[in-house]
Amino acid sequence: MEPRPVKGSLFAAAGANTIDVSGSTILGPLEPTRLGQSAHELIYLGHRRGLHNPSGEELLELWKELGIGEPQPIYWLAERQVAVSRADTYFNVLPTLTQASLLATELPLAETSTGAGPRADAAFETSGNGVFLEEYKTGRLEITLAVTLDSQLERLRLAAIKRWGDRFLGIRACLLMAPARSFWVYSDGTRHHLLDPPWGVNQ
Amino acid sequence: MNRAVPDPDLRAALTRMLYEEKQLLEGRLPHGRVAAAAELLGLSRKQVSRDIAAGGYMPAKPRESSAYELPDLVHDLVWQTQHNIAAIHRRIPEAERPSYATVHRAVKREISRATKLDITHGTAERRQGELMLLREYERPFELLAADEHEVSAWIRHPIKKVPVKPWVALVRDGCCGGIAGASGSPDPITAELFNGALLEAISGESDLGPFGGLPEAFQWDQAACHTANRTTLLVCRFHIPVFISDGYHPHQNGIIESFNNYIELDYARCHPFYADGAEDLRGDPILPHPDALPSFDEFWAEFRAWLRDYNHTFPQRRRGKKSAVAIWNDSKDKPTPIDPLVLQELAA
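Listed in order, the protein sequences are those of chains W and Y.
The first sequence begins at 1 in our numbering and counts up one residue at a time.
The second sequence begins at 1 in our numbering and counts up one residue at a time.
Pulled out of the complex, with its shape left as it was, chain W reads as follows (with noise of 0.2 Å):
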């Protein structure tokens, strides 16, 4: 993909707008308006590891490994810090995995004639050869997030009925940027909380 360049930022007068994140199979380059592009790449980043509550030390040293660069832009250095942060919410936050491992990450369930079909950001396999998938959003609390997270669930789900049948247990869908508002997605549709609430209510 060829990246588009930024105008007026810092990020630009860096010289920065031709760095890919490595590894990266559709996050394209950084863009200063899209502050946590990298917190997927983190993630994955620290499931290959095999992290289970890492501190914040350790999750600055894994943001060095995945080859963005030592961040010298102010851009980059909010970039480390919300990727940091969503990716410390993930691990620490939210339930850890014990019974399951890394089946794949960004994982295109379907095609379609537009070649644009569902993908899931990772899949899971449990211990008992169930499959699960999780759903990451780490940037702001939109408020067309929860429209556009329904629908996005919901093909979602079906795609992996149709691929995995009685094998999929459903999705997780992890809200980063409020763990309190993350949530199960089971294969019949109904949801349930990932976390009771701080205040106590069940949306």
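I should point out that these hints are in silico values taken from the structure, not numbers from a laboratory.
Glycine residues also receive a C-beta, built at the ideal position from the N, C-alpha and C atoms.
Take these hints with a grain of salt, some might be off.
Quick partial rundown of chain Y residues pointing at chain W, CB under 7 Å, derived from the structure [claimed, not checked]: (1) Val-5; (2) Pro-6; (3) Gln-222; (4) Thr-232; (5) Leu-233; (6) His-239; (7) Val-242; (8) Ile-244; (9) Tyr-267; (10) His-271; (11) Ala-275.
Let chain W serve as the given structure and place chain Y on it in line with the hints.
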């Protein structure tokens, strides 16, 4: 002298009766009758005499509708004129045109800030506005926003002994609007000072107010001290999500960015060494002599006292004009307090 407000019905009946008596007596109403009525009603005799002369007291009718409601035409004009109130006022037909102030108040009341942003900046900005500016945080410490600000007041630099403008880092609660933590320096804010303000906000040991506990999220902009290693490690220590506003979009900082304006209006302009004051003919500021300036310690003691005063007395408009401390005290949903041992460990 404070007098109790008399019952309007009693006042009307009594003064009407005295008026009729005065008519019967052909204007020669005994002075004692007026004095007795004045004593009964708790009014001055002069006031009762005026009521009688006017044919009896007439209670004021309540206004049927105190607020001017915008007609449909004006709702269209808001869009056509890009929310320009003067243009809207000009285009209302002269026969039904209220004053400019009335139109201004009505537009401000009836056209929401989100719609205004939609009109002036488009849908994307409106969504940001709904998210960042208009959302009301229901629980204390649902969001803690932090920023630093260069105060427009001259102080004497402790080492260089020259006039400088001090820097402050402030942490503000999105719900009650109170300043929960603050740190300051004659030089630009470092990550250490910024973390000091954050820790003061969450420690519960601040003298600024009763605030304290673990927030559900932090929000700040892309300043170097906000995104430094030290700050990143601090937020990871407590597992608190961070929201960082986009570059060149300070309005996304919301509550903390707007507080800068309040510092300018309510603190800096009242300061004897206001830094945006006297200028020479070239527009350069006329610097006061350093010996006349307050030291940083003097400024900081005064500024913290001003912050305490703000927390305890300033009426927060979105919350029934209660002070930040009152809102905090009234709230039943306080954030989780921090283990003092963790704070000791961080302080070490």
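Do the hints match the structure? See the list:
no.: 1; hint: Val-5; in the structure: violated (45 Å)
no.: 2; hint: Pro-6; in the structure: violated (50 Å)
no.: 3; hint: Gln-222; in the structure: holds (4 Å)
no.: 4; hint: Thr-232; in the structure: holds (5 Å)
no.: 5; hint: Leu-233; in the structure: holds (4 Å)
no.: 6; hint: His-239; in the structure: holds (5 Å)
no.: 7; hint: Val-242; in the structure: holds (4 Å)
no.: 8; hint: Ile-244; in the structure: holds (5 Å)
no.: 9; hint: Tyr-267; in the structure: violated (28 Å)
no.: 10; hint: His-271; in the structure: violated (31 Å)
no.: 11; hint: Ala-275; in the structure: violated (26 Å)
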